[in-house]
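Single-letter residue listing:
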Amino acid sequence: MSMPYYVAPEQMMKDRADFARKGIARGRSLVAMQFADGIAIVAENPSHTLRKISEIYDRIAFAGVGKYNEFDQLRVLGVRSADLKGYQFSRQDVDARSLANQYAQMIGQTFTHEVKPLEVEILIAELGATSDKDQLFHIMYDGTVLDEQRFIVIGGDADSIRTKIETGFTPNLSLKESAQLAITALSSDDRKLTAHDLEVAVLQRNGARRCFKRISDQSLEDLLK
Amino acid sequence: MILPVFPSDQDPGSNFGELLKRVGLSPFEQFADVSKLEIPHATTCVAVKCSDGVVMAGDRRATSGNLISHRSMEKVVQADEFSGVAIAGAAGPAMEMVKLFQLQIEHYEKVEGQPLSLEGKANQLSMFVRNNLPAAMQGLMVVPIFAGFDEVSQGGRLWDYDATGGRYEELDFVATGSGQLHAATVLRVGWRKNLTTAEAVHLVSQSLWEASDADSATGGPDILRGIYPVVATITKDGFQRVSDNDLEVVFDQITAGVKQR
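Chains as they are written, first to last, in this note's numbering: chain L, 1 to 225; chain C, 226 to 486.
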């Protein structure tokens, strides 16, 4: 006969949060920040095929840290949701805030109802018509949504990286300057990163419909020379 | 709205059409018989291969029976950076098909992380045409042309289709729609290997002129309102529409030629 057992809800939530945090801390962090021409996203990523940063819609980008298969599934759901909404209504009706709320709902639901919470944190960035209309959303493993200004850091070591970005950040950095700032912040004393360790993409305010652009390894190396 | 999550055996993958079916938004539903209704039809479109890629063109007229329902319809549209699609047939389903095709290409690219090959896109369009077959049987036929610059072979390629989704790659040129016969004859006589882009633009314009001269459903250049056919070049620089100012010069030459006959 199975024994009935009781776990206090506080304990259960704490255990789940600890579990998710541990999973996320095993991966590398990433940074998104506003720069002169839009929003730059810089991730530490040893893989050159399994992407952390990707395009969701014309002006919306996605980035995830933690377990790859989990955030990649979330990415695909985001693309679907955005494309469906754009098809059903109009391209200009697709927005990051609504998408962030959908993600929060799903991640939060998984956190409280499923056996295992998702070990991911995600970032949704939307490029506005002007820089003051840019939106950056940070969605945590338990579904908490944070609306942040200027820059976002997600991942295990976020606090120390955030402090380093805070000291070097000024509005209207060039792409080169913001990539350098991100490299410095993502590096630690015993681990210096180079262009080869990074994945970089931008949402660029250039008048084109699709603003998302990946910076190839080669052009990143040239940029950082 | 909530995120569209599906059990793994019903997951649509990178197929946008399947996704629409799953959420009940698919436009490919059984139509009632509309063959007795006067609905707008779009007509003549052509595409030719040239040394730098392909040139596509379509007239601007849509007709309902013997009435002109639109004078400025755009039947040649960009599918993605290096390809375009041109449509003839029932205007409503045709425009819907183009919209869906553009979305499918982009959806695939985003979900899979890399674009479909040119041949993959041609195949995909063939599936859309086949899905439209029940509607075609009831009077809503759509017959597209697909053309693009193939980054693998570094040259232009073009395809035409039949109502059942049959897909035929053509070597030189294609024409579709009610003015097809006249346009194709002009292309057949005027086409030769290694046309320059400018010569190809002239040839497609000439073919639409002759089609509009002989077929009442094909519109010629509307000089009064400044409406010219849509002509687009697709080369290694991507899809580019030829400006109305340039087309005005081309059609001036054509009409000058006709006067001297």
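Any given hint could turn out to be false.
What the hints assert, rightly or not - Only pairs whose alpha carbons sit at most 30 angstroms apart, straight line, appear in this in silico DSS-like list of lysine-lysine: (1) L/K85 - L/K213; (2) L/K85 - C/K246; (3) C/K461 - L/K213.
Stated by the list, open to error - Pulled from the structure, derived: some chain L residues nowhere near chain C, Cβ distances all over 10 angstroms: (4) A8; (5) M13; (6) D15; (7) S54; (8) E55; (9) V76; (10) R80; (11) Q88; (12) Y103; (13) T130; (14) S131; (15) K133; (16) Q135; (17) S160; (18) P171; (19) R191.
Unchecked claim - Estimated spans, in silico, between C-beta atoms of each pair: (20) L/D197 - C/Q363: 36 to 44 angstroms; (21) L/S98 - C/E394: 53 to 61 angstroms; (22) L/P171 - C/T389: 53 to 61 angstroms; (23) C/S276 - L/S188: 54 to 62 angstroms; (24) L/S187 - C/N470: 48 to 56 angstroms; (25) L/D132 - C/L292: 33 to 41 angstroms.
What the hints contain is simulated information worked out from the structure, not anything from laboratory work.
Computed from a prediction, not measured in an experiment: that's the story for all the values here.
A virtual CB, placed ideally from N, CA and C, is assigned to each residue, including glycine.
Here is what the structure says about each hint:
no.	hint	result
1	L/K85 - L/K213	holds, 22 angstroms
2	L/K85 - C/K246	holds, 14 angstroms
3	C/K461 - L/K213	holds, 19 angstroms
4	A8	holds, 30 angstroms
5	M13	holds, 23 angstroms
6	D15	holds, 25 angstroms
7	S54	violated, 7 angstroms
8	E55	violated, 5 angstroms
9	V76	violated, 6 angstroms
10	R80	violated, 5 angstroms
11	Q88	violated, 6 angstroms
12	Y103	violated, 7 angstroms
13	T130	holds, 26 angstroms
14	S131	holds, 25 angstroms
15	K133	holds, 22 angstroms
16	Q135	holds, 18 angstroms
17	S160	holds, 31 angstroms
18	P171	holds, 30 angstroms
19	R191	holds, 28 angstroms
20	L/D197 - C/Q363: 36 to 44 angstroms	violated, 59 angstroms
21	L/S98 - C/E394: 53 to 61 angstroms	violated, 42 angstroms
22	L/P171 - C/T389: 53 to 61 angstroms	holds, 58 angstroms
23	C/S276 - L/S188: 54 to 62 angstroms	holds, 56 angstroms
24	L/S187 - C/N470: 48 to 56 angstroms	holds, 54 angstroms
25	L/D132 - C/L292: 33 to 41 angstroms	violated, 51 angstroms
Hint check: violations occur at hints 7, 8, 9, 10, 11, 12, 20, 21, 25; the rest are consistent with the structure.
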